[in-house]
Structure formats: structure tokens, C-alpha cells
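Trainee: So the sequences go chain by chain: A and B. Per numbering that gives the first Met the number 0, the very first residue in the first sequence carries number 0; after that it's consecutive. Per numbering that gives the first Met the number 0, the very first residue in the second sequence carries number 0; after that it's consecutive.
Hints are computed from structural coordinates only; laboratory data are not their basis. Take these hints with a grain of salt, some might be off.
What the hints assert, rightly or not - To list a few chain A residues with every Cβ distance to chain B over 12 Å, as calculated:
1. Glu19
2. Gly42
3. Asn43
4. Trp51
5. Ile79
6. Asp86
7. Gly91
8. Asp102
9. Lys107
10. Thr114
11. Asn119
12. Asn126
13. Thr136
Unchecked claim - For each label pair, taking beta carbons as the anchor points, the in silico distance ranges come out as:
14. A:Asp122 x B:Lys128: 18 to 26 Å
15. A:Asp118 x B:Thr149: 30 to 38 Å
16. B:Asp84 x A:Leu24: 42 to 50 Å
17. A:Gly131 x B:Gln118: 26 to 34 Å
Claimed, not checked - Covered stretches of chain B (chain A as the covering partner; in silico rule of three or more C-beta atoms under 8 Å from a C-beta of chain A):
18. 78-85
19. 90-102
20. 115-124
Idealized CB from N, CA, C, for every residue including glycine.
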Amino acid sequence: MMISFLLVSAIGMGNAQTQESDKLLGVWTTEDGSARVKIEKIGNKYFGKTIWMKEPNDENGKPKVDVNNPDESLRNQPRIGLRIMKDFEYEGKGVFKNGNIYDPKKGKTYCGKITMKDDNHLDMRGNICGFGMLGRTTSWTRYTE
Amino acid sequence: MKKRSVFAALAFAFVLASCGSGKVNEFTHDIKNVKIKVDAPVTPGPNTIQAELKLDLDSVFKANKANRQKIKNITIEELKFSMEDGRNFDNFESFTVNFFSDANDMTKLGIINPVPKGQNTISATVTEKANLSKYFSEPSIFLIIDANITNPDSVAYNMNADLKVKFSANESK
Chain A
0 MMISFLLVSA IGMGNAQTQE SDKLLGVWTT EDGSARVKIE KIGNKYFGKT
50 IWMKEPNDEN GKPKVDVNNP DESLRNQPRI GLRIMKDFEY EGKGVFKNGN
100 IYDPKKGKTY CGKITMKDDN HLDMRGNICG FGMLGRTTSW TRYTE
Chain B
0 MKKRSVFAAL AFAFVLASCG SGKVNEFTHD IKNVKIKVDA PVTPGPNTIQ
50 AELKLDLDSV FKANKANRQK IKNITIEELK FSMEDGRNFD NFESFTVNFF
100 SDANDMTKLG IINPVPKGQN TISATVTEKA NLSKYFSEPS IFLIIDANIT
150 NPDSVAYNMN ADLKVKFSAN ESK
């Protein structure tokens, strides 16, 4: 009886945690409104892909590509569709850690932390890996059509 | 002097044995009909499509008399996708196929760009024959497809993936 109760409680807690972490899923608008990022779950990790840009084309009218990527072989990949957030794991209490975020404007990758402020707002912190103090936090808002 | 020679010969034999003179088995295995569903409504633009690969590797290795604990190399040789329900891939612009597991980074396997028109079966060019052994020691492997979809239909897409995997492992005793 007691074992059944503990088992049911554990399963219930697991489901509740999944529901809580999955609030991160969906489309988010970056702080400056220049892009929308779709956050998805693959396995037990969270990834984000740019799906919309306010200015999708370069000065020649061609779709922007990842020209600043430090890996030359990746400089032709389109900015729209680029997976800029990788490997975030849910820690609890609305916080996701151990991921990284790529800034295509600078071609740099930062260690990331996401804190959900509520269901429709999150703080995205990017810092130089190993130097938590050296970073920047931006606020993203859930995009709804 | 004689003792030293005997010791050297023994050491040489030990080195030879530890280098592994065991025979290496190479074999291919077809993973067929991996079900992939793209739920409706599908949004136009970049989409991530995922499917978990379910494999009974123990049986595969046993059937090929290979030791699963002594894998040398695993590569993907062929990647093929087919659309069900009499539909084709005309709404798909590009297809990039990746491997992923929780403990390993995503690895790009192949690409189809542009996706040929009027086809209900498409094959990806395997761009990188990376050693995927580390993925096959994980409990779950995911096939991740980054697809650019234009003018999506209002109904879900049902696809199948077929993979030809080449294994190289020590022969089992």
C-alpha cells in the first residue's frame, strides 16, 4: 500500500516536472524583436532554432547566411533555420542550465542559462564559459500569433 | 644473457597478444521502416522532425558473430526516406539529417538539398562517415531532421526512414 503510494507520488512528481519544464517549448521573440526562436525538446534536452528574422535578407537582397561563423565551412548556412541554442537541461524551478547559445551577429558561442520569469517571459543569460560574471542577460517574450 | 632473451621474447609475445590479433567482422544492418510523423498543423519554414531509433543491437551482433563490447567503427552508408499516404516531398525544400543522443552532441549525417520534385522516396547523400559508436552505446538514439517546409498541407506527414548501417567489431568467441 505504502509502496504503491510512493510509486504513484514519484510518477506524479515526474510528470509535474516534465509539464513545468515543457513550458519552455514554443516560439519566443528576442529582446530587440529582431528574431523569433522556436524552442524544442530533443531527448531530455532543449534546443532553439531561429525561425523568423525581421531583416532576413542582406544588403544584396539575398537571405542572410552565417557569415561570422568561426568555422569557415559553415558560413554558407542560412541564418533562418540555424540552431542557436543547444543542450539546455532542466534544473528545476524554471531554470535551464548546461546549454550554450550562439550569437550569429558575432559568431561567438556562450554558456547559457535560462530562467523562466512566468509562462510568457524568460531571461536568457549568456556568459563566457567559465566566467559567469562576464555575460549579458536578455529578456525574451513568448510569441503568439 | 639467456634469461634476458627469454624475458624479451615473452614481452614481445605479450605485446602482440594485447595488440589484438582477433578477427574483425564487418557487416551491414538495415534499419527499416522507422516511423516519422510530422504533426499538423505544420508551420512553413524551418521545422525539426525527430524519431527515436529502436534497435535490438544484441541480436544484430549475435547474428553476425560480433562482440558488441568490442566495436571498432559504426557508419551510416545509406539514408532513405519515403512518404506515406500517396503523397510526395514537394513541400519540402531541404532535408538535413542528424544523429543525437542525450550524452552526445548532434552529428550531421546527410543532406538533401534541394529535395527533388514529384518523388515519394528520397535519398540523402551521406556527407560525413563519422564513427557513430558512441551513439550506439546509449539507451536512446534520435534521428533529427532539419527540414525547410514550404506551403505545408493541413494534415500530418507520415514518413518512413530506412538506414543502412555498417558495423565493424571484433569477432565473438
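Trainee: Between B:Asp84 and A:Leu24, does the beta-carbon spacing fit 42 to 50 Å?
Mentor: 27 Å, violated
Trainee: Per the stated criterion, does the least C-beta distance between A:Ile79 and chain B lie above 12 Å, as a non-interface residue requires?
Mentor: Label violated. Min Cβ-Cβ 6 Å, cutoff 12 Å.
Trainee: Would the least Cβ to Cβ distance between A:Asp86 and chain B come out above 12 Å?
Mentor: About 8 Å separates A:Asp86 from the closest Cβ of chain B, which leaves it inside 12 Å; violated.
Trainee: Taking 12 Å as the cut and beta carbons as the points, is A:Gly91 off the interface with chain B?
Mentor: Holds: least Cβ distance 18 Å, greater than 12 Å.
Trainee: Taking the minimum C-beta separation from A:Glu19 to chain B, is that value above 12 Å?
Mentor: 19 Å, holds
Trainee: Three residues or more, CB to CB closer than 8 Å: is that satisfied between the region 115-124 of chain B and chain A?
Mentor: Violated - the region 115-124 of chain B has 0 residues with a Cβ nearer than 8 Å to chain A, which falls short of three.
Trainee: Does A:Thr114 clear chain B by more than 12 Å, comparing its Cβ with all Cβ atoms of that chain?
Mentor: 22 Å, holds
Trainee: Using Cβ atoms and 12 Å as the threshold, tell me whether A:Asp102 really stays out of contact range of chain B.
Mentor: 18 Å, holds
Trainee: Going by Cβ atoms, does A:Asn43 stay more than 12 Å from chain B at every point?
Mentor: At roughly 5 Å from the nearest Cβ of chain B, A:Asn43 sits no farther out than 12 Å, so the non-interface label is violated.
Trainee: How does the coverage statement for the region 78-85 of chain B fare against chain A, requiring three or more residues with Cβ below 8 Å from a Cβ of that chain?
Mentor: violated (count 0)
Trainee: Verify this for me: three or more residues of the region 90-102 of chain B with a beta carbon less than 8 Å from a beta carbon of chain A.
Mentor: holds (count 3)
Trainee: Does the claim that A:Thr136 lies off the interface hold, with its Cβ farther than 12 Å from every Cβ of chain B?
Mentor: A:Thr136 clear of chain B: closest Cβ-Cβ about 25 Å, beyond 12 Å.
In this structure, the hints that do not hold are numbers 2, 3, 4, 5, 6, 14, 16, 17, 18, 20, in rising order.
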